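Chains as they are written, first to last, in numbering that gives the first Met the number 0: chain V, 0 to 375; chain E, 0 to 114.
Source of the hints: derived by calculation from the structure; they are not laboratory data. Please read these numbers as outputs of a predicted model, since none were measured by experiment. Nothing false has been slipped in among the hints.
Listed next, the in silico DMTMM-like pairs over lysine to aspartate or glutamate satisfying Cα-Cα at most 20 Å (straight line):
hint, chain 1, residue 1, chain 2, residue 2
1, V, K21, V, E266
2, E, K33, V, D161
3, E, K6, V, D282
4, V, K364, V, E266
5, V, K155, V, E176
6, V, K21, V, D257
7, V, K155, V, E181
8, V, K364, V, D257
9, V, K21, V, E269
10, V, K155, V, D116
11, V, K21, E, D8
12, V, K23, V, E266
13, V, K139, V, D161
14, E, K33, V, E331
15, V, K155, V, D140
16, V, K364, V, E269
17, E, K33, V, D339
18, V, K50, E, D35
19, V, K50, V, E331
20, E, K33, V, D54
21, V, K364, V, D282
22, E, K6, V, D11
23, V, K1, E, D8
24, V, K139, V, D122
25, V, K23, V, D257
26, V, K21, V, E265
27, V, K155, V, E118
28, V, K23, V, E265
29, V, K7, E, D8
30, V, K1, V, D11
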Amino acid sequence: MKWIQRQKYFLDFTLSSLLRRKGKLLSLLAVYTLIVFLIGSVMLFAGAIRKTAVDVLTDGPEMTVQRIIAGRHDFIPLDYIESVQTIRGVRSVRPRLWGYHFHPTSGANYTLMAAPDFEYGPDQVIVGAGVMRSWSGIAKDRLYLVGFDGRAHLLKIIETLDSGIDMAAADLILMAESTFREITGVPEGYATDLAVEIRNPRECATIAEKVVRLFPETRPILKSEILRTYAAVFDWRSGYVVVLLAGSVLAFFIFAWDRAVGLSAEERREIGVLRAVGWGVSDILILKWWEGGVISLTAFFLGMIGAYLHVFWASAPLFAHALKGWAVLYPELHLFPNPDPYQIGALFFLTALPYGFVTLIPAWKAAVTDPVSVMR
Amino acid sequence: MAFVLQKSDAWLLFLAGCIILLALVANGYPVIHKMDHQRHILNSRRLVGRLGLTDLCLFTEARYTRHRSQTDLHAPFQDHPLSLPHFPSESHVCPPVHLKTVSRHEVDSTAKILP
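Let's have the full structure, built from the sequences with the hints guiding it.
So this is what it looks like as structure tokens:
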């Protein structure tokens, strides 16, 4: 109890001392909170997107087989299906018909896809919620598309996909196979690529080798590789995050350096007075440790609260421009927290602790100096 | 004797308030939106399974950013000369993993094929 009471006296004294320099304290807190907010927002945002990618794409095909001709993606003959199907361990092979459509009026890219079991007619489509938002000149429930041969196609929108699944389907225009071929010009007997289902996912690499052996011009892409690709989205090595983190870390170091190189005349005089009235060096260090602790803990918690509100409650508006880029079509983000105590702990140790320690060095230097010379 | 709130008590109360608020904003969202989120994930997974989708619709600027996993090393250069840093979203994500490990599927041509 005595120890707790003693620490509370130190804390009282620290807070009184900090409140005497309100302007400095507030500016320090604002910068510190902003740094924690920025780093925390990136961390939470990237974690949520990675988690969504794993959750959503986990039911995707185990392997996609593309055909590469002269270094470029080419349509794959449907005859390949039979040969790939004969490889031991392959459960099923199905062709995927998909492509892009650039709509000049809205300036957006859309993904056209032939749905395997499309239950509607040849002039009917199902569209993602993003299509409805971005397709300018959309007339009631009709889409007007110009096909590969210049012919116009008027398609009736039968269904709009829920905006809750925008992360998977915002730009999709689903149609019958015949309609897809008519619009895009993909000839009969060819598909964009093949989706291969494999009985035992551990055999994927072996089956991929066999596919390449059978058809050397193909390139198998495994689901595990796709998931790893998305695990690196907003990775710290990607440009945007590097710039953001570098800026924040640099600001933090300038700010910590400013504290480490020395104390203000007022702070030095305060230490001198305390030494003169009988405070020991250890008491001064405890006082300064509390000062660092008060500032860093307050900034850390305020920054993290702001980061959570920004990313999840407000759908990360500060990052919207980064995701959008020049794109017209932008998915509605429904991010869900993916709490990672390790990351939050790392953020705490990288931001709160170093600041606490850098305040100790100049305080110790002032405390061990003769009080009379410090006060002068 | 009147109770006087000392500065240390006030700060400790403020800190406790911050911790409670952080716990609320961090856990409140999942609690409120859990059902919606599960429904969205389930619907997305169904669609992904049905259509065999491979990518998230995050960046629709260019074909190689829309279907990140399906792209190749040439794709960024095909839109126009010097188009490597053309679209902002190119800087957010690393190249697909398989582009770095493409030789993994290249096999010994003398090995026997077992169908």
